[in-house]
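Number of protein chains: 2
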Amino acid sequence: MNIYTEKTEEGKQLYAALKAEYEAICKKGLKLDMSRGKPGSEQLDLSMDMLDVVNSHSDMKTLNGTDVRNYGILDGIPEAKELFAALLGAKPEEVIVGGNSTLTFMYDTIARGMLHGFADSVKPWVQCGKLKFLCPAPGYDRHFAICEHFGIEMIPIEMREDGPDMDTIEQIVGSDASVKGIWCVPKYSNPQGITYSDKVVTRFAKLKTAAPDFKIFWDNAYCVHHLTESGDEILDLLEEAKKYGTQDHVFMFTSTSKITFPGAGVTAMAASVHNIEYLKKLMDVQMISSDKINQLRHVRYFKDLDGIKTHMKRHAAILKPKFDMVTGTLQKELGGLGIAKWTTPKGGYFVSVDTLEGCARRTIELCANAGVKLTEAGATYPYHEDPKDTNIRLAPTLPPVKELKITISLFCLCVKLAALERVFVQ
Amino acid sequence: MNIYTEKTEEGKQLYAALKAEYEAICKKGLKLDMSRGKPGSEQLDLSMDMLDVVNSHSDMKTLNGTDVRNYGILDGIPEAKELFAALLGAKPEEVIVGGNSTLTFMYDTIARGMLHGFADSVKPWVQCGKLKFLCPAPGYDRHFAICEHFGIEMIPIEMREDGPDMDTIEQIVGSDASVKGIWCVPKYSNPQGITYSDKVVTRFAKLKTAAPDFKIFWDNAYCVHHLTESGDEILDLLEEAKKYGTQDHVFMFTSTSKITFPGAGVTAMAASVHNIEYLKKLMDVQMISSDKINQLRHVRYFKDLDGIKTHMKRHAAILKPKFDMVTGTLQKELGGLGIAKWTTPKGGYFVSVDTLEGCARRTIELCANAGVKLTEAGATYPYHEDPKDTNIRLAPTLPPVKELKITISLFCLCVKLAALERVFVQ
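Residue numbers (my numbering), protein chains in the order written: chain A, 1 to 426; chain B, 1001 to 1426.
Simulated from the structure, these hints should not be mistaken for lab results.
Hints may be right or wrong, so weigh each one.
Said to hold, decoys possible - Dumping the calculated DSS-like pairs for lysine-lysine here, alpha-carbon to alpha-carbon at most 27 angstroms:
#, chain 1, residue 1, chain 2, residue 2
1, A, K346, A, K332
2, A, K123, B, K1123
3, B, K1130, A, K130
Go ahead and model the full structure; you've got the sequences and the hints to work with.
Shown next as structure tokens:
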């Protein structure tokens, strides 16, 4: 018997007691925010020295002798291409180093598909009639927003423990030529922190697609964002795809937004040389170059991939206690109650909680009414439609540990209340 | 009688002498480039101190308390909006401060028109059938490239001494609803250095357009780029347009690409609040913010518009001798010969030379064969089609004065040779 899900006298008393507790907290006038995956200021402080490495006395030439202060070099300075190639698991000639945002890079890439198509397109996507994208869900709301913006129909794909449901994906992309792409966050996925297994990656590499210009948007946003010493690693999709001749399906992205500074970082894309050459021709009309000074700043600061990895350990040292606070409190407050499940990710930026069916929206609302802002209900699903109303994304990185403790305790209280309301409130 | 255009014995001897002179120069193996409007390294040095103003010890908060190192603020930090509002002649709420490139901002704006239309569009431009843009010519090749890229038909408009031919513009935009926009560089135009008169600007503000969503792309790239103490000023188009209720036609752009660093500067757009709000909604899907650290760097370095103006005087001090060298040599070598006309701009980045009909391409080719690269023939016209083959864009900013002297002397020689070839070579 579960007093949170069945009508009992004990449950009724518990509900009254928790409600009183909740109402007392409401009176405190909290104003806390755990809604977005933003780094905390301590993390931002880690990269402040980077602002000094390119200064008024610096040599402003790249390795190939180009003055980074002037026009030129569409696809990134050579040393940045090398660094990001290492980060993305690609060759420098398979890389374009871009501006400050992967979101922009992905949006622009889809906009190019819409208006011009890709190298393997028969015609621009705007001329293809109905377009569809597969959306492993729960997933990243800003990916879904791009599809909605361009009128691309989203098909949710269930997430499993080792990645999205590949059976369904294979079936759909193999038979429906209007399915043009899929969004993936293959490592420490947003919001569940799931890392795709080698088997899943290989199945992506082997995908037979009805659309000749099917694209996998492989948003490796958390590629080095481990929380533990033994972080997850994934198979290199581009390399794997080459084995099966599907390398032109693959667009991989990453950035330093959560390594150095969000909005002032550097982003990069990796794809087959064939795709890179095609995209560069289109990009050449849109821009002369991205910010090469900022690229140089990043390369001189980190020097190489090891430099980035060392830096990421400092992030982990700040983030691990926050994630431990969240998962520890969830376990302490909700463990064994049968009203919530959650992930304990080894990296990334989120903890994903699944409440009882129909309780996520109400839990978030209860938190909001008590002054604690969570990611909005449904945000992790296409069209903001969480079919069972269960998923809540917790973003523990921004608040200080002290605030986090208050926030997560309140959250657990609200999960309980929302469950009890199902039983005791009509 | 003109020995450059009529067959005479004297002309024949001159041709032989100049040809010998040219062939001697060809043997020198020159490798000089006067093709693009790039600042010279002396100019880039002017802004090096800006790289120190935001450093590891800086306060990283904006005036409204936002940490510039983190996510947020789509339309630019408040102090940057204020600075660019002053530069653009607009109010801060009429401004979006963007990334590193006006070219990208303009391209993205047109891409938004294509895929979504503007606030006053009946439907997205891709669904409107044939689209046309007016292109005052000679003009900026990268504007024209955007139209070509999107399949927008370009209609060349003749440039007069005080701006484009407004009679023709009024007639076309008033009657043809497929004409959706016009490219303008209203001050120190590329390549002629022409500044639009108040009368021309007012006629733009009064334009009655058949298309409800007609847009004036007002690329004020050289707004503070004077060469002389008494630089040109233009009427503020957005303010002027408000008088006639046409403010929604106006998209104004500028950047610091040629104030601080090309590719690592800051760009901004001004438009009616109505348009700004509409565009921000679309931009919100593409990006979270532009690089706010670089915005802060610029604002803290310049402080205000006066700071920029003072800085631009230092640029002028470097550029004026280069422009004087070019126009002085043109006058000395070609003055009164009746084979070339040129502009003497009071600002901007170019000197525009018109040769005799049919001589521009050949002049550029002769220069190239002697190791001097000029902007390619036809580049200043839509589709690279200079109808009379007369226009050559000289870009004197990048080469040091010493190189410039060699370059421009060779250029004058080639102008003469190309003219004489018309008479003496079949």
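Practice problem: Could you check the structure against the hints above and give me the numbers of any it violates, in ascending order? | Solution: Those not satisfied: there are none.
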